[in-house]
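Generate the whole structure from the sequences, applying the supplied hints.
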Amino acid sequence: MTIQNGILTKSPNSSISQQRAFDELYAGYWDKVFRLCMGYVNDDDWAKDIAQDTFITVWQQLPNFRNEASVGTWIFRIACNNCLRQLERSSKFVRKEVDKADEGPVVNEDEVNFLYQCIATLNETDRLIISMELEEVKQAEIAAILGMSESNVRVRVHRIKEKLTEKFKAYER
Amino acid sequence: MNADDKFQQLWRSKKAAPAPDIKALLEKAASVKRAVKRKLILTYALLTATIVWACWIVARSHPKMITTWIGVALAILAILLYIASSVGLVKQLYSKGQEEAPVQQYLQNMLQIREKQRRLQRGILNAYFILLFSGLALYMIEYTRVLSAGTTLVIYGAVAVWGLINWFYFRKKAIAKQEAAFGAVIGKLESVIADTEG
Chain A
-11 MTIQNGILTK SPNSSISQQR AFDELYAGYW DKVFRLCMGY VNDDDWAKDI AQDTFITVWQ
49 QLPNFRNEAS VGTWIFRIAC NNCLRQLERS SKFVRKEVDK ADEGPVVNED EVNFLYQCIA
109 TLNETDRLII SMELEEVKQA EIAAILGMSE SNVRVRVHRI KEKLTEKFKA YER
Chain B
481 MNADDKFQQL WRSKKAAPAP DIKALLEKAA SVKRAVKRKL ILTYALLTAT IVWACWIVAR
541 SHPKMITTWI GVALAILAIL LYIASSVGLV KQLYSKGQEE APVQQYLQNM LQIREKQRRL
601 QRGILNAYFI LLFSGLALYM IEYTRVLSAG TTLVIYGAVA VWGLINWFYF RKKAIAKQEA
661 AFGAVIGKLE SVIADTEG
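If you read the protein sequences in the order shown, they are chains A and B.
According to the numbering used here, the residues represented by the first sequence are -11 to 161, in order.
According to the numbering used here, the residues represented by the second sequence are 481 to 678, in order.
Where hints are given, some of them may not hold.
[Claimed, not checked] Residues from chain B shown here face chain A by an in silico Cβ test under 8 Å; the list is partial:
#1 494
#2 555
#3 583
#4 586
#5 668
Hints in this document: simulated from the structure, not taken from any laboratory.
The structure displayed is predicted, hence computed values, not measured ones.
Heads up, the beta-carbon is just placed ideally off N, CA and C, and yes, glycines get one too.
So this is what it looks like as structure tokens:
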């Protein structure tokens, strides 16, 4: 198994090459997946847990991976599903930073945290859309991952960015 | 710098938590598997112990009437059902790895699982109370035969009152608790599905 331009090719020496391919994916995608999860839950430990679960699935399913999508799209899809699985942990589903972000300027918080707080105020789908958009996943791929139309994704990205820009303007004032 | 670039830059400036060591990650995967296996073994041990215990009780009292045996069998069935549902066997029955499915399909699948679980849990709860009390009523026939009609009436009356309290209070309370938990999750799933379809 080797990865070239997002395409996974299988080789006969499977277990060693699977380990190698996984190492490569793990090194290349950990930060991206972690940020996607952070965009969804805005909690470092929780995001780390979801990212770990995502890579466990990647490890388990890698031998069955068919190149129907690029390996990146596949990983993001698993990550999105793992994020959405958190809906079942309803009691833990708190957006503790939301109120803060809504109150206006946040004191002693840097802009990076403010961006993640603002994203936390969005609904579930929008959080995933903007996280992947900022991760530079193509809109066509975002649409395919979420099962939405590309035009819908485009419109929503535009609206979300408008919302974020407004919040940042208020924050900077 | 325009807003797009700024957001992108801020987004990427977020310091990612260090990636856990691959060995530790794979160990976590293995330990989750082991925990599931342990839980399953424990469940089977509990179920077996329950059956053995019930058989031992019955064997000691040497029942002669068929109603006593049927009563015991019904009570055992009720307890088995209760244990199976309380340890999450029902959930395991339906949970299959779907993490790779497209998001909408994954959500639909999650929704279906929860709805099935909701129906099944409710059915199990009803069956539990019906089986337990009808089992008890049948079991008591043999031992109340030797008592006077008045005493038998009092005993059956007490059991009936206790059964009604269970049915109309404890069962209702348990169902309400289940409904609240399932309702919250199902509601959220439905709203996200509607959002991705919109």
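Each hint, compared with the structure:
At its closest, the beta carbon of residue 494 of chain B sits 5 Å from a beta carbon of chain A; the interface hint therefore holds under the 8 Å criterion. Using the Cβ-Cβ criterion of 8 Å, the hint placing residue 555 of chain B at the interface with chain A is not satisfied: the shortest such distance is roughly 33 Å. Proximity of residue 583 of chain B to chain A holds as hinted, the smallest CB-CB distance being about 5 Å (cut-off 8 Å). For residue 586 of chain B, the suggested interface contact is upheld, since its CB lies about 5 Å from the closest CB of chain A, less than 8 Å.
Against a cut-off of 8 Å between C-beta atoms, the interface hint on residue 668 of chain B holds, since the closest Cβ of chain A lies about 5 Å away.
In summary, the one numbered hint that this structure violates is 2.
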